[in-house]
Amino acid sequence: MTDLLARLGATEPWILWLLPLALLPLARSALRRTSVPAVAAAPADPLSAWLGRALTLAGILAIAGLIVALAGPYRTGARIERLGIGAQVSLLIDRSGSMNETFAGRQPSGAEESKAAASRRLLADFVGARGHDLFAVTAFSTAPMLVMPMTDRHDAVRAAIAAIDRPGLDYTNIGRGLGMALSQFGVDVGASRVLLLVSDGAAVIDPRIQDQLRAAVARIRPNLYWLFLRTKGSPGIADRPAGEDTPQAAPERHLDLFFKSLGVPYRAFEAEGAAAVEAAIRQIEALERDPIPYVEERPRRDLTGLAAALAALGLAVLVLAKLVEADLANAPAEAETATEAAGAAPRRAA
Amino acid sequence: MRPRRVLPPVRPSVLPPFVARNLRDGRFRVLAAALVLALAALVAPPIPFTRTGVSVLAVVDITGSMAVRDYPAAAGSVSRLETVKAALRAMLPDLPCGSRVALGLFTDRRPFLLFTPVEVCADFAPLDGAIAALDPRMAWEGDSRIAAGLFRSLAMAGEIDADLLFLTDGQETPPLPASGGPTFDGKPGAVRGLIVGAGGYGLSPIPRFDDRGRPAGFLGESDVQQENRSGPPPADAESREGYNPRNAPFGAQAAHGSEHLSAVREPYLKRLAAETGLGYAHLDGPGGLAAPLRAAATPRPLPGRLDPRPALLAASLGLTLLALLANPLALVQRARRGRAAHPVQTLVPTGPIRT
Chain A
1 MTDLLARLGA TEPWILWLLP LALLPLARSA LRRTSVPAVA AAPADPLSAW
51 LGRALTLAGI LAIAGLIVAL AGPYRTGARI ERLGIGAQVS LLIDRSGSMN
101 ETFAGRQPSG AEESKAAASR RLLADFVGAR GHDLFAVTAF STAPMLVMPM
151 TDRHDAVRAA IAAIDRPGLD YTNIGRGLGM ALSQFGVDVG ASRVLLLVSD
201 GAAVIDPRIQ DQLRAAVARI RPNLYWLFLR TKGSPGIADR PAGEDTPQAA
251 PERHLDLFFK SLGVPYRAFE AEGAAAVEAA IRQIEALERD PIPYVEERPR
301 RDLTGLAAAL AALGLAVLVL AKLVEADLAN APAEAETATE AAGAAPRRAA
Chain B
1 MRPRRVLPPV RPSVLPPFVA RNLRDGRFRV LAAALVLALA ALVAPPIPFT
51 RTGVSVLAVV DITGSMAVRD YPAAAGSVSR LETVKAALRA MLPDLPCGSR
101 VALGLFTDRR PFLLFTPVEV CADFAPLDGA IAALDPRMAW EGDSRIAAGL
151 FRSLAMAGEI DADLLFLTDG QETPPLPASG GPTFDGKPGA VRGLIVGAGG
201 YGLSPIPRFD DRGRPAGFLG ESDVQQENRS GPPPADAESR EGYNPRNAPF
251 GAQAAHGSEH LSAVREPYLK RLAAETGLGY AHLDGPGGLA APLRAAATPR
301 PLPGRLDPRP ALLAASLGLT LLALLANPLA LVQRARRGRA AHPVQTLVPT
351 GPIRT
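Top line first, the protein sequences correspond to chains A and B. Everything in the first sequence is counted per full-length UniProt numbering, starting at 1 for the first residue and increasing by one. Everything in the second sequence is counted per full-length UniProt numbering, starting at 1 for the first residue and increasing by one.
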């Protein structure tokens, strides 16, 4: 019972201060008043007294009902925790200038699609394919940019993805981007965590930042996916450079080695076209099938109708009473017999 | 449900005479009207109508001068960027549901779109979070070429079919050359919107940060470019000390000035606004953006729904109270009439008999 009361609310609670008006029927009646020389002249009539009390109650019900209905009463919605299939996905998207080129490394012309446009199209399908996924979007080029915090509002996430094929910026500063994407996970809710990096290249990560990333990954333990949009003819993830094997000479290979050394589940997808990107996204979707707790919002229930119905009931009783009311002051003699009460009351001269 | 609809011409054969009389009673009619209104409130559907909302691209200047702390706060002072963020976040609930807001950053000479327009009510939480996360460290360049950034922001707003809300302090870094800034080659007024000038009117020092983002004092006069020496020299260059048309066209002295200090460049921003057909408003504190924005932006029709129930219920309540309170007046009047007709009769104080 207290639980039920605690869940009641009103949209305009100040209107409830008018509730003392509901006591008005105790002092006033909508029925005609008739002065009689002495109350004692009327015989005791329990039926009349009972009817009088009922009408007072009907008046209280009508006024109180109307005031409560005006205040907009509702029963608050419940937040119910459920388990669904999904994951917390932190998207880290490369917005460097080269993303605006095609997979062939050219400016897109005609029906050709840039790498950014292809990932925009395919990621937009990925977001919202499963109802209970949470997404965060981080972009990086010269600096990391927090685009959208972790949210279950897929429309907002799609709006962030719709912006990724805009002209990009200069460089690929992947280290700080990874740091920000990891910071997007927030508190642990027991869900599977996915970090999806979409980039068309890699860069050397500062050793100091490497240590910070190792610490963050050890704490957060995400599943790591790297969707590498490889431009035709450029070195792949596995290619050893011809000369010295340094991070500067083969940043992609060394980023891959760095990811492998982190000790978390990691997969790299090398995509050389839109079809390969799509296949990679399907595979990620299939791999991430862990339960995720999510909150289902039960909508609040509007109780205005209930209060208005009670008020209408009270009003209906009052109207009915008015309809069959005796007019002792003006009524012709035969009308008196039809009234329920006060039949013996002496008439005052009209 | 009741024969009360049969008003004055009452057939005595159907209704008892007292009912017919009651049907003509004023307070009966008032109560009946209250009942009808209460019943109408039970079944009345929402009335559709059209409201006006906005669709706006907010582009926030995150360059160095926006870190100037010249907005007073409860404890000390707050930076321009923090004030701009607070004002944007306060603006969201003041926009009608269905309005849409996109967010972009500005540094260097171009805006960077973070996301396309997002609905302000359903997607409030991520939108609010994204604005709160704006940080000067997202900047990719230290320059701040306001005019170029504004013109490109206008083009971007046009592409995503939104109005522009451009929030800046108007400080060009490096300063504009003597020949003036870039010229606007778009159509003034094609994209509507508002330039918001952030910052105080008095000069304040610009804070400096080290490479880890920690505060490290303020910029000094020699830390910033005081004069833009690209392009042709200004007209007064010949009178400068050490002027040489070939070797020292800007004079031999280092430029002095106040570019290391910052105030809102209101005349410049107003000129840019006039040139591009935008409105201008000064940001006085962390709020008050919604009203000037709605005045300057294109009104966009949004479907709205008006709940008629409060009006019906309020009218019903008013009539019910009227029916109760009208009674004593009628009694007093009748009592006076009665007393006039029968001067000897005294009214005995009695309780009313209610039927």
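Honestly, I wouldn't trust all of these hints.
As the list claims (entries may be wrong) - Computed, partial: chain A to chain B, Cβ under 10 Å:
id: 1; residue: Val204
id: 2; residue: Pro207
id: 3; residue: Val319
Stated by the list, open to error - Listed below are the simulated SDA-like cross-link pairs for lysine to any residue, each with C-alpha atoms no more than 25 Å apart in a straight line:
id: 4; chain 1: B; residue 1: Lys187; chain 2: A; residue 2: Glu270
id: 5; chain 1: B; residue 1: Lys187; chain 2: B; residue 2: Asp223
id: 6; chain 1: A; residue 1: Lys232; chain 2: A; residue 2: Ile220
id: 7; chain 1: B; residue 1: Lys187; chain 2: A; residue 2: Lys260
id: 8; chain 1: A; residue 1: Lys232; chain 2: A; residue 2: Ala216
id: 9; chain 1: B; residue 1: Lys187; chain 2: B; residue 2: Ala274
As the list claims (entries may be wrong) - Some chain B residues close to chain A (C-beta under 10 Å, calculated; not the full set):
id: 10; residue: Ala41
id: 11; residue: Arg100
id: 12; residue: Asp123
id: 13; residue: Glu141
id: 14; residue: Leu313
id: 15; residue: Ala326
Hints were generated in silico from the structure; no laboratory data involved. Computed from a predicted structure; not experimentally measured. Don't be surprised by glycine CBs; every beta carbon is placed ideally from N, CA and C.
Verification of the hints:
Here the hint on Val204 (chain A) is broken, as its CB sits about 17 Å from the closest CB of chain B, past 10 Å. The restraint placing Pro207 (chain A) at the interface with chain B is violated, with a minimum CB-CB distance near 16 Å, outside the 10 Å limit. For Val319 (chain A), the interface hint holds, the least distance from its beta-carbon to any beta-carbon of chain B being 5 Å, beneath 10 Å. A threshold of 25 Å between alpha carbons decides the hint, and for Lys187 (chain B) with Glu270 (chain A) the separation of about 45 Å lies outside it, so the pair is violated.
Note on Lys187 (chain B) and Asp223 (chain B): the hinted pairing is violated, with a Cα-Cα distance of about 38 Å set against a maximum of 25 Å. A distance of roughly 34 Å separates the Cα atoms of Lys232 (chain A) and Ile220 (chain A); the hinted pair therefore is violated under the 25 Å criterion. Straight-line distance between C-alpha atoms of Lys187 (chain B) and Lys260 (chain A) comes to about 54 Å, which puts the hinted pair past the 25 Å bound. A C-alpha spacing of about 33 Å is found between Lys232 (chain A) and Ala216 (chain A), which places the hinted pair above 25 Å, so the restraint is violated.
Among the hinted pairs, Lys187 (chain B) with Ala274 (chain B) is consistent with the structure: their alpha-carbon atoms are about 12 Å apart, no more than 25 Å. Restraint check, Ala41 (chain B) versus chain A: the minimum CB separation of about 5 Å is within 10 Å; hint holds. A least Cβ separation of about 9 Å between Arg100 (chain B) and chain A falls short of the 10 Å threshold, and the interface hint therefore holds. At a threshold of 10 Å, the smallest CB-CB gap from Asp123 (chain B) to chain A is about 4 Å, leaving the interface hint in force.
Nearest Cβ of chain A to the Cβ of Glu141 (chain B): about 8 Å, under the 10 Å cut. The hint holds. Interface hint status for Leu313 (chain B): upheld, as the beta-carbon distance to the closest one in chain A is roughly 5 Å, under 10 Å. Against a cut-off of 10 Å between C-beta atoms, the interface hint on Ala326 (chain B) holds, since the closest Cβ of chain A lies about 8 Å away.
Of the numbered hints stated above, those contradicted by the structure are hints 1, 2, 4, 5, 6, 7 and 8, listed in ascending order.
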